[in-house]
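Residue numbers (this note's numbering), protein chains in the order written: chain A, 1 to 141; chain B, 1 to 141.
Note that these hints are calculated values from the structure, not bench results. Accuracy of the hints is not assured; some may be wrong.
Cβ-Cβ distance ranges computed for the label pairs, FRET-style [what the hints assert, rightly or not]:
#1 A:6 with B:53: 21 to 27 Å
#2 A:51 with B:23: 33 to 39 Å
#3 A:19 with B:8: 37 to 43 Å
Here the structure is a predicted model, which is why all the values come from computation and not from measurement. Think of the CB as a built atom: it goes at the ideal place given N, C-alpha and C, for glycine as much as any other residue.
2 protein chains.
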Amino acid sequence: MTTPADVDAVTAANQELYEAFEVADLDRMEAVWDDADDVRCIHPGWPVLVGRARVMRSWSVLMANTSYIQFFLTGVTAEVEGDVAVVTCEENILTGIEDPEGGLGGSQKVLATNVFRRRPQGWRLWLHHASPVLAPSETDS
Amino acid sequence: MTTPADVDAVTAANQELYEAFEVADLDRMEAVWDDADDVRCIHPGWPVLVGRARVMRSWSVLMANTSYIQFFLTGVTAEVEGDVAVVTCEENILTGIEDPEGGLGGSQKVLATNVFRRRPQGWRLWLHHASPVLAPSETDS
Numbered sequence: 001m002t003t004p005a006d007v008d009a010v011t012a013a014n015q016e017l018y019e020a021f022e023v024a025d026l027d028r029m030e031a032v033w034d035d036a037d038d039v040r041c042i043h044p045g046w047p048v049l050v051g052r053a054r055v056m057r058s059w060s061v062l063m064a065n066t067s068y069i070q071f072f073l074t075g076v077t078a079e080v081e082g083d084v085a086v087v088t089c090e091e092n093i094l095t096g097i098e099d100p101e102g103g104l105g106g107s108q109k110v111l112a113t114n115v116f117r118r119r120p121q122g123w124r125l126w127l128h129h130a131s132p133v134l135a136p137s138e139t140d141s
Numbered sequence: 001m002t003t004p005a006d007v008d009a010v011t012a013a014n015q016e017l018y019e020a021f022e023v024a025d026l027d028r029m030e031a032v033w034d035d036a037d038d039v040r041c042i043h044p045g046w047p048v049l050v051g052r053a054r055v056m057r058s059w060s061v062l063m064a065n066t067s068y069i070q071f072f073l074t075g076v077t078a079e080v081e082g083d084v085a086v087v088t089c090e091e092n093i094l095t096g097i098e099d100p101e102g103g104l105g106g107s108q109k110v111l112a113t114n115v116f117r118r119r120p121q122g123w124r125l126w127l128h129h130a131s132p133v134l135a136p137s138e139t140d141s
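Only chain A is shown next, with the shape it has when bound in the complex (with noise of 0.2 Å):
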């Protein structure tokens, strides 16, 4: 059963998630993901990263290459079965890189799957899938 309580302490952790990536701070970007070997990671069009050590460097080298992000959650759906949460959300991009192709001019949008872990610590990130909308919105159809 999913209880407010619940849904609040998991909405803040996949709000952190976010935060951590806009200023930058790769030891806030490690207390947000578990401490375990079978964390996965799937940034958008990548393929899937495993491992905690593998993980943290594809964040590291992320921000190093951003100069500027900016994250507005839409959609932030969570739902709790037990010790796992499943997160679904729209990450609406904005970003400091020019977009090559004129379309977006450095605005976008990406729907993420974010999965955590209940740990005695709080709820921590189990695998993170992102990927890029190519179709119109629901509400469009």
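Fit chain B to the given chain A structure using the hints.
Structure of chain B alone, referenced to chain A:
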């Protein structure tokens, strides 16, 4: 703890998702998914679809518009935490659709995250998130 029996059962449930699509059997697809309104499905490039009715309609449309499709799964990794299982896999897809870009010749690679819940009747799909791989594989880096 992830037991070998759990992994086998989850892997079989994961395989059934793809076989149901290959043979375009909507009844089998309906049995794959959990009978719950919080199921979520993200097809490659699509927005998130929430709820059993909407998710099932999307599969029905995909089946109706696919003359031939075959999945070769690689990198299937299943981890269980309590009554939730998280599977990631690479969907190596052959379709009957000619690729208008000419580059891939009807084959493509998609990454999927499939989250299952343990139910009295077995593992049932709670969330499917599939997205195209655009970057070189991990082993190339």
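Hint check:
{"no.": "1", "hint": "A:6 with B:53: 21 to 27 Å", "in the structure": "holds (26 Å)"}
{"no.": "2", "hint": "A:51 with B:23: 33 to 39 Å", "in the structure": "holds (36 Å)"}
{"no.": "3", "hint": "A:19 with B:8: 37 to 43 Å", "in the structure": "holds (40 Å)"}
Comparing the model with each numbered hint stated earlier shows that all of them hold.
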